[in-house]
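Student: Sequence:
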Amino acid sequence: MNELRIALYQPDIPGNTGTILRLAACLGLAVDIIEPAGFDLSDRNLKRAGMDYIAAVTMTRHVNWERFETWRSSTGRRLVLASTKAAVPYTRFMFKPDDILLLGRESAGVPDQVHERADARILIPMAPGQRSLNIAMAGAMIVGEAIRQTDAL
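Position 109 of the sequence shown, counted from 1, bears residue number 109 in full-length UniProt numbering, the numbering being contiguous throughout.
Hints in this document: simulated from the structure, not taken from any laboratory. Any given hint could turn out to be false.
Unchecked claim - Cβ-Cβ distance ranges computed for the label pairs, FRET-style:
(1) 38 <-> 116: 18 to 26 Å
(2) 119 <-> 60: 15 to 23 Å
(3) 132 <-> 47: 22 to 30 Å
(4) 128 <-> 3: 30 to 38 Å
(5) 53 <-> 134: 34 to 42 Å
(6) 128 <-> 41: 13 to 21 Å
(7) 44 <-> 149: 32 to 40 Å
(8) 137 <-> 92: 33 to 41 Å
(9) 3 <-> 129: 34 to 42 Å
(10) 12 <-> 130: 17 to 25 Å
(11) 98 <-> 26: 17 to 25 Å
(12) 58 <-> 12: 21 to 29 Å
Stated by the list, open to error - Below, in silico cross-link-like pairs of lysine to aspartate or glutamate (EDC-like), each with a Cα-Cα straight-line distance of 16 Å or less:
(13) 85 <-> 119
(14) 85 <-> 35
(15) 85 <-> 106
We treat Cβ as the ideally placed atom computed from N, Cα and C, and that holds for glycine.
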């Protein structure tokens, strides 16, 4: 299993979460779900998007941000936040094999307190006038670059 992890901050959309779980299963990544989620984690849309891949992914549920942050701090892992407010393009960022890639809530990103706790903030440059990519697509792009850089597969 790869040491790189994906963390989802209070995900809103079950289909996106299922897609990210499927991505993680296929690439051997673990996923952290920081609750509360905006849906029941047994939602049929999550299961439909993740298909039978969900059973193959290591998923850890954290009851809130504080519990996740306590766990993360104990591991010494770097927290890398994907944010439209960041200044460093993800392709210019130097990933480490044990980074945790934090993806914010689809409807609102992450609050300032979470933004401030990140060790690094990265963005995907976009065409002028566009707000954001689908979170699962953005996560796949960034994870692909992190794996490329760290030769993780």
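Student: All hints, please: hold or fail.
Tutor: A quick look at each hint next to the structure:
1. Taking the beta carbon of each, residue 38 and residue 116 are about 23 Å apart, inside 18 to 26 Å as hinted.
2. Between residue 119 and residue 60 the beta carbons are some 19 Å apart, a value that agrees with the proposed interval 15 to 23 Å.
3. Evaluation of the 22 to 30 Å hint for residue 132 and residue 47 yields a pass: the beta carbon distance comes to about 25 Å.
4. The hinted range of 30 to 38 Å is satisfied by residue 128 and residue 3, whose Cβ atoms lie roughly 36 Å apart.
5. Checking the proposed 34 to 42 Å range against residue 53 and residue 134 shows it is violated: the Cβ atoms sit about 18 Å from each other.
6. At roughly 37 Å, the beta-carbon separation of residue 128 and residue 41 lies outside the given 13 to 21 Å, and the hint is violated.
7. Evaluation of the 32 to 40 Å hint for residue 44 and residue 149 yields a pass: the beta carbon distance comes to about 36 Å.
8. Our hint of 33 to 41 Å for residue 137 and residue 92 is violated, since their Cβ atoms are close to 20 Å apart.
9. For the hinted restraint 34 to 42 Å between residue 3 and residue 129, the CB-CB distance of approximately 37 Å keeps it satisfied.
10. Roughly 20 Å separates the CB atoms of residue 12 and residue 130, a value that falls within the hinted 17 to 25 Å.
11. At about 19 Å, the beta-carbon gap between residue 98 and residue 26 stays in the expected band of 17 to 25 Å.
12. About 22 Å separates the C-beta atoms of residue 58 and residue 12, a value consistent with the hinted range of 21 to 29 Å.
13. With a C-alpha separation of about 14 Å, the suggested pair residue 85 and residue 119 falls inside the 16 Å cut-off, and the hint holds.
14. Distance hint between residue 85 and residue 35 is unfulfilled; the C-alpha atoms sit about 23 Å from each other, more than 16 Å.
15. Distance hint between residue 85 and residue 106 is fulfilled; the C-alpha atoms sit about 14 Å from each other, no more than 16 Å.
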